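A.B. asks: What follows is each chain in one-letter form.
There are 2 protein chains.
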Amino acid sequence: MYDLLNTINGPKDIKKLSVEQLPQLADETRSALINRISNIGGHNGPNLGIVETTVALHYVFDSPKDKLVFDVSHQCYPHKILTGRKEAYIDPAHFFDVTGYTNPLESEHDVFTIGHTSTSVSLALGLAKARDLRKADENIIAVIGDGSLSGGEALEALDYAGEYQGNLIIVANDNDQSIAENHGGLYKSLKALRESNGKSENNIFKGFGLDYRYLEDGHDTKKLVELFESVKGIDHPVVLHIHTIKGKGLAFAEANREMWHAGGPFNPEDGSPKGEMGEGDTTVFDNLKKLLDTNDKAVVLNAATPMGLGFVKGVREEYVARGQFVDVGIAEENAVAMSSGIEKNGGTAVFGTFAPFFQRTYDQLSHDVALNNSSATMLVLEPGVYGMNSNTHIALCDIQMFAHIPNFVYFAPASKEEFEQMFKFAVNQKEHPVGIRVPGKFTSSGKADDTDYSVLTNKIEKSGSDAAIFAVGPLLPMAIKTAEEVDKKTGKKITVVNPRFVSGLDEELLTKLIASHKVVITIEDGELQSGYGQTIASFYGDKDMKVINHGISKKFHTDFVPEELLAECGMSVEKLVAEVEKYL
Amino acid sequence: MYDLLNTINGPKDIKKLSVEQLPQLADETRSALINRISNIGGHNGPNLGIVETTVALHYVFDSPKDKLVFDVSHQCYPHKILTGRKEAYIDPAHFFDVTGYTNPLESEHDVFTIGHTSTSVSLALGLAKARDLRKADENIIAVIGDGSLSGGEALEALDYAGEYQGNLIIVANDNDQSIAENHGGLYKSLKALRESNGKSENNIFKGFGLDYRYLEDGHDTKKLVELFESVKGIDHPVVLHIHTIKGKGLAFAEANREMWHAGGPFNPEDGSPKGEMGEGDTTVFDNLKKLLDTNDKAVVLNAATPMGLGFVKGVREEYVARGQFVDVGIAEENAVAMSSGIEKNGGTAVFGTFAPFFQRTYDQLSHDVALNNSSATMLVLEPGVYGMNSNTHIALCDIQMFAHIPNFVYFAPASKEEFEQMFKFAVNQKEHPVGIRVPGKFTSSGKADDTDYSVLTNKIEKSGSDAAIFAVGPLLPMAIKTAEEVDKKTGKKITVVNPRFVSGLDEELLTKLIASHKVVITIEDGELQSGYGQTIASFYGDKDMKVINHGISKKFHTDFVPEELLAECGMSVEKLVAEVEKYL
Chain A
1 MYDLLNTING PKDIKKLSVE QLPQLADETR SALINRISNI GGHNGPNLGI VETTVALHYV
61 FDSPKDKLVF DVSHQCYPHK ILTGRKEAYI DPAHFFDVTG YTNPLESEHD VFTIGHTSTS
121 VSLALGLAKA RDLRKADENI IAVIGDGSLS GGEALEALDY AGEYQGNLII VANDNDQSIA
181 ENHGGLYKSL KALRESNGKS ENNIFKGFGL DYRYLEDGHD TKKLVELFES VKGIDHPVVL
241 HIHTIKGKGL AFAEANREMW HAGGPFNPED GSPKGEMGEG DTTVFDNLKK LLDTNDKAVV
301 LNAATPMGLG FVKGVREEYV ARGQFVDVGI AEENAVAMSS GIEKNGGTAV FGTFAPFFQR
361 TYDQLSHDVA LNNSSATMLV LEPGVYGMNS NTHIALCDIQ MFAHIPNFVY FAPASKEEFE
421 QMFKFAVNQK EHPVGIRVPG KFTSSGKADD TDYSVLTNKI EKSGSDAAIF AVGPLLPMAI
481 KTAEEVDKKT GKKITVVNPR FVSGLDEELL TKLIASHKVV ITIEDGELQS GYGQTIASFY
541 GDKDMKVINH GISKKFHTDF VPEELLAECG MSVEKLVAEV EKYL
Chain B
1001 MYDLLNTING PKDIKKLSVE QLPQLADETR SALINRISNI GGHNGPNLGI VETTVALHYV
1061 FDSPKDKLVF DVSHQCYPHK ILTGRKEAYI DPAHFFDVTG YTNPLESEHD VFTIGHTSTS
1121 VSLALGLAKA RDLRKADENI IAVIGDGSLS GGEALEALDY AGEYQGNLII VANDNDQSIA
1181 ENHGGLYKSL KALRESNGKS ENNIFKGFGL DYRYLEDGHD TKKLVELFES VKGIDHPVVL
1241 HIHTIKGKGL AFAEANREMW HAGGPFNPED GSPKGEMGEG DTTVFDNLKK LLDTNDKAVV
1301 LNAATPMGLG FVKGVREEYV ARGQFVDVGI AEENAVAMSS GIEKNGGTAV FGTFAPFFQR
1361 TYDQLSHDVA LNNSSATMLV LEPGVYGMNS NTHIALCDIQ MFAHIPNFVY FAPASKEEFE
1421 QMFKFAVNQK EHPVGIRVPG KFTSSGKADD TDYSVLTNKI EKSGSDAAIF AVGPLLPMAI
1481 KTAEEVDKKT GKKITVVNPR FVSGLDEELL TKLIASHKVV ITIEDGELQS GYGQTIASFY
1541 GDKDMKVINH GISKKFHTDF VPEELLAECG MSVEKLVAEV EKYL
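Read top to bottom, the protein sequences are chains A and B.
Following the working numbering from start to finish, the first sequence increments by one per residue and tops out at 584.
Following the working numbering from start to finish, the second sequence increments by one per residue and tops out at 1584.
So here's chain A without its partners, still in its complex pose (with noise of 0.2 Å):
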């Protein structure tokens, strides 16, 4: 099955094929890919499409001399498995020894950690900068999907390349996809440049300067490596053009490339998923629908990941028709920016995506919206330890960027209807910028929530004495445990708060708190250093109250189970637990 796939273990060993020998090893190399994803999932839809690309690349080029990027590294597997790493995707027993992502801990082959989306080109002029300073001749290669060209950093990237003299071979991959539908003006021309065998006006990347190469069949391995040879060496930067299909090889996935763009496992015959799908929570989903359909000058905004909003394919049509549901592409920056002028104009903005790209926009968010105080509501999703667990994902500062902008109120909601309530309040106030941590998933309070939150106080959610603790957002249950579990081990009640908002400090309540409290204790689920506890321990710094902090450590962790982080860093029951019994 693997019969030209088991002899290779490196570049240098493809290069001792036939061209003729490459479509086998792509087909090889695809089987590898299929059985590892629909094993234990993962993205899909790219890694098919670039398969033979990734072939070509490492017959003509010298990895590790020649150095690839690959942007977000969505289209890394294949790299991986040519790259002496195919046990992870041969064999079930060795899956998890790679990650998702290129890691330079694994291979030689990998330059960087990479997990967000338009970094490669930027990148690949830096090793190329590096490498012309040393007088060196390594081609420096991009590769970057048609989807993460519309972020801001890749556009510096495309402009700055066009003026720069020396070797950058930028691979354009493009599979009219991103992860939903592309959007941005640039798609017109790559639309047309598709149509036209490359050859159509208007050239978005000649515009730029740029020189440019048109593969109309992006899987045609021979077509590839010719392609790949004419450029080796080349003195300045190019553009190869290279038109490809999403979810090659699979039928269903080429059919539907925005459900096949990741996901978990699946039956390679049909599709079908393997074992249960969870119930995706609605929370979100449920609560901007009703915004829109009860206010027609609301929008919500979004970039790229419509899905992290509920508003899948078969859903978001009818809102897009309004004018209410915007996809502005990988394009952070403008969708913060737009909110901010939506507002100033008598509309109601709401921009949601996941925490770790929303560390795009902290100048958008800065100067643009809050220094402006216009009322747009920041939806940040699945920020802190219960968010996505890899190094490249991660989002354990998102207090840290957010809480201390000023005019900034950020909410962190313990339950489904603290959320429901202060989205409320957000979308209906016009005030201040407002922004939501929105857990991964809903905890229910079991009642309503009826707070008026133009008035910023904490909640005292258990009375006690002696201690307090306060516990951001989804680690309030982990409070009230603690409480729980000394009231039955010593009888005595202590006190547990829930902050609710995180861009201050409701100075009443934690002045009433010394007369009957020494210790005020803090759990957080982000990181530990700038946190929201550290506002507590300054306030308390010359009043008779002890503080102690517990956040997450100062350090990129990855794979990591969050219960066992949280309790590493000092936060689980149990060691509460003992540190509130001090105090009694």
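It is worth saying that the hints were derived from the structure and are not from the lab.
Keep in mind that a hint or two might mislead.
[As the list claims (entries may be wrong)] Listed next, the in silico PhoX-like pairs over lysine-lysine satisfying Cα-Cα at most 25 Å (straight line): (1) B:Lys1135 to A:Lys430; (2) A:Lys430 to B:Lys1188; (3) B:Lys1065 to A:Lys199; (4) B:Lys1430 to A:Lys135; (5) A:Lys188 to B:Lys1191; (6) B:Lys1289 to A:Lys135; (7) B:Lys1430 to A:Lys199; (8) B:Lys1543 to A:Lys543; (9) B:Lys1546 to A:Lys512; (10) B:Lys1222 to A:Lys543; (11) B:Lys1582 to A:Lys546.
All of these numbers come straight from a predicted model, not from anything done at the bench.
Dock chain B against the given chain A, drawing on the hints supplied.
C.D. replies: Same frame as chain A, but now just chain B:
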């Protein structure tokens, strides 16, 4: 002298004039503009070049119903003159009635407060979106200079505008100059368009799917009026590419566009400066030059602000030719990501820009640099209360943004000598990314610093007991003076600590202080919330040490005097002495 201008109190008055009178209005507007900038300085070149465009815009469109967004605000002065604020340009008694940026508090004709580049198209898209939700019909106009086009936010917005279905008029004011010369391949496109009267192929705007019109003489009010009339009420986005002359009307400014981008008072006859020219501090430049001259694998990157690093015209050319000085254009994201690539391929990368513009690079610093532990050096110019003091440009949150990023070491030098030693350390190590806060003006400690910064420790500047003051960077003199005053008043010696690095704590030193001190006071030149001081409060939270944190209050402060704002926030020698005395 201002025969026509005297009759203009807003756009309605301009419409009463005939098209034939507009050149005179433009001349008078330019005279008023020169009156102000020659007396108090400001952004010269961009405003001189946009006079006729602005006159024509207000002649054709109906502000404030129609909405104008001026990118960076560097070209908003004529707009201010024509929208009821001419006294601030004509009458010295009113010069300080207006800011240098668009400002909704000043006029209903200003929609946003703006000071960062490349935001106008996004903000305008938001205004357009809200208009369309309201089913209204006003024109939305973004005015953006060619220099700003290279920024990621602008490129993302141009891309999305390319698919937007509704009125949006993008005036691309092309004077073929950023602050310094432009950088990026798109400027080849603009040049080709200028040279072909807008007809060259591979039009970058059309590449983004946008409609496009070209006007060669951007100082011909009649043609400008015709152009604007032709697109008034247009039902889709259109780019009006207008060729103008930066510095128009002042021969010396037209001849030296970089020097005349902005500056202080001058004699309008010959451009000679009025009054003394301050001597620039050359510390940063001297150290960068030494690096480049002794390490041919080293490169200094900047993003359209070469003068910020001392690489002015006439100086930088040599280093550009050697490939050791790179200007990526207004594209901070690309510069930071490139730095990572340079370090990963055997080069030494230093990127420097002004602190407010570093805000655009959080994700690149975190994901592209720090996650990959690339040992690039980041020079954060003029952060804190002594940096720029307009709310559009303040950077009081650099410690909040950067200090918590894992792997990143963030230094805060208190003297020129410390900066030099930290810089030497940063560019010679390959362990971690390093950032250095670079104050606007260095004070000399008078003696060389030979600290080994691979070991991160705080420095005891004065040894004492009872009270210790931790003073970040530029506030060290305040702490020392406080200690001296306390000594003078009470005969007691207190401790003064210079943290030197603000991305972590010197726990050994902090622990030692407990035995002989009752209070630690922290002072810092940035925001209090989530700043350096609060990490110290957290450390001492459960120990026998009082902590008092001082930092700047959470607000978009503007037009402040640093010492006054510091004092307001508890930071003056007098206030600190009183505070210390309570603990002696």
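A.B. asks: The structure should be examined with respect to each hint, and the outcome stated for every one.
C.D. replies: A quick look at each hint next to the structure:
Distance hint between lysine 1135 of chain B and lysine 430 of chain A is fulfilled; the C-alpha atoms sit about 20 Å from each other, no more than 25 Å. Restraint check for lysine 430 of chain A and lysine 1188 of chain B: not satisfied, since their Cα atoms lie roughly 44 Å apart, outside the 25 Å limit. A distance of roughly 43 Å separates the Cα atoms of lysine 1065 of chain B and lysine 199 of chain A; the hinted pair therefore is violated under the 25 Å criterion. Among the hinted pairs, lysine 1430 of chain B with lysine 135 of chain A is consistent with the structure: their alpha-carbon atoms are about 21 Å apart, no more than 25 Å.
At most 25 Å may separate the alpha-carbon atoms for a hinted pair to count; lysine 188 of chain A and lysine 1191 of chain B meet this at roughly 24 Å. Taking the CA atoms of lysine 1289 of chain B and lysine 135 of chain A, the gap is near 21 Å; set against the 25 Å cutoff, the hint holds. Distance restraint check for lysine 1430 of chain B and lysine 199 of chain A: the Cα-Cα separation of roughly 46 Å exceeds the 25 Å cut-off, and the hinted pair is therefore not satisfied. Distance hint between lysine 1543 of chain B and lysine 543 of chain A is fulfilled; the C-alpha atoms sit about 12 Å from each other, no more than 25 Å.
At most 25 Å may separate the alpha-carbon atoms for a hinted pair to count; lysine 1546 of chain B and lysine 512 of chain A meet this at roughly 19 Å. For a cut-off of 25 Å, the pair hint linking lysine 1222 of chain B to lysine 543 of chain A is broken: about 70 Å separates their Cα positions. For the hint linking lysine 1582 of chain B to lysine 546 of chain A, the alpha-carbon distance of about 20 Å falls within 25 Å, and the restraint holds.
This entry does not satisfy hints 2, 3, 7, 10, going by the numbered hints stated previously.
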